[in-house]
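Colleague: Sequence:
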Amino acid sequence: MTLRDEDTIQELLNGEDEAWSAVRAWVGKVINASRFGPALRDHQEDLTQQVLMKVLASLRADKFAGRASLKTYIYEIAKNTCIDQIREKYRKQRGSSIEDLNCELASADENPYGHLLQMERHQRLAEAMRHAAPACRKLWVMIFQEKFSYREIAAQMDTTEGAVKQNVFRCNRRLMDWLKPAGVKKEGP
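Numbering-wise (this note's numbering), the sequence shown opens with residue -12 and increments by one.
No lab work stands behind these hints, which were simulated from the structure alone. There could be a bad hint or two in this list.
[Stated by the list, open to error] Below, computed lysine-lysine pairings styled on DSS-like, alpha-carbon distance capped at 27 Å:
id: 1; residue 1: K79; residue 2: K50
id: 2; residue 1: K16; residue 2: K79
id: 3; residue 1: K66; residue 2: K16
id: 4; residue 1: K66; residue 2: K41
id: 5; residue 1: K58; residue 2: K125
id: 6; residue 1: K79; residue 2: K41
id: 7; residue 1: K16; residue 2: K125
id: 8; residue 1: K50; residue 2: K125
id: 9; residue 1: K79; residue 2: K134
id: 10; residue 1: K50; residue 2: K66
id: 11; residue 1: K16; residue 2: K58
id: 12; residue 1: K16; residue 2: K76
id: 13; residue 1: K152; residue 2: K167
id: 14; residue 1: K58; residue 2: K79
id: 15; residue 1: K167; residue 2: K66
id: 16; residue 1: K134; residue 2: K76
id: 17; residue 1: K76; residue 2: K66
id: 18; residue 1: K152; residue 2: K76
Nothing here was measured: the structure is a model prediction, and the numbers come from that model.
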């Protein structure tokens, strides 16, 4: 940790406006970044306040270890808060379940054969999903619909991230085996 970071932390903890203005500017750059800006346009002020509260709580709890600069540390808090907000927004928008696979997969410019092929793939996937173990379906819902991270899934299932990754790998492999056309042998060892 640099001497300047230590000074800035002390100024933030003392509530000095100039220090908080600098932090607010750093946070604003993250929230307005091209990759977050459009998705979070309506929530910028709320997000800024959330980040500032998290920064203050983190500094009061002495969680800043100084392995990176204070600006980088605050950037990471802001980035993760934006990602969490986008996940939450996405979860609220998604109302359908994984069992409801009646979406239109064919594009407008494809030929009738392509449309039939797409429908057949859709039916095979729906059939495979119906035959998948309930634990696999639960994992897929958490990953693809609820957009949970492996860490969040591990916490909910009271297991480790490694165990979650292994279960996802096994479920995906079983799904691929189910979808594989008959007579096709697996390559490799």
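Colleague: Next step is simple, just say for each hint if it's right about the structure.
Modeller: Outcome of the hint check:
For the hint linking K79 to K50, the alpha-carbon distance of about 31 Å lies beyond 27 Å, and the restraint is violated. Annotation: proposed proximity of K16 to K79 holds, straight-line Cα distance about 26 Å (limit 27 Å). Using a Cα cut-off of 27 Å, the hinted pair K66 and K16 holds, with the two alpha carbons roughly 10 Å apart. Distance check on the hinted pair: K66 and K41 sit about 12 Å apart at the alpha-carbon level, within 27 Å; holds.
A distance of roughly 39 Å separates the Cα atoms of K58 and K125; the hinted pair therefore is violated under the 27 Å criterion. Pair hint K79 plus K41 holds up; C-alpha atoms about 23 Å apart against a cutoff of 27 Å. For the given pair, K16 sits about 37 Å from K125 by alpha-carbon distance, which is inconsistent with the 27 Å threshold. A hinted pair counts as satisfied when its Cα atoms are at most 27 Å apart, and K50 with K125 does not qualify at roughly 35 Å.
Proposed proximity of K79 and K134 is supported: the alpha carbons are some 11 Å apart, at most 27 Å. About 17 Å separates the Cα atoms of K50 and K66, which keeps this hinted pair within 27 Å; it holds. A C-alpha spacing of about 12 Å is found between K16 and K58, which places the hinted pair at or below 27 Å, so the restraint holds. Distance restraint check for K16 and K76: the Cα-Cα separation of roughly 21 Å lies within the 27 Å cut-off, and the hinted pair is therefore satisfied.
With a C-alpha separation of about 22 Å, the suggested pairing of K152 with K167 holds against the 27 Å cut-off. Distance hint between K58 and K79 is unfulfilled; the C-alpha atoms sit about 32 Å from each other, more than 27 Å. Taken as a hint, the K167 and K66 pair is broken in the structure, with Cα atoms around 40 Å apart against an allowance of 27 Å. For a cut-off of 27 Å, the pair hint linking K134 to K76 stands: about 11 Å separates their Cα positions.
Restraint check: the Cα-Cα separation between K76 and K66 comes to about 15 Å, which is no more than 27 Å; the hinted pair holds. For a cut-off of 27 Å, the pair hint linking K152 to K76 stands: about 25 Å separates their Cα positions.
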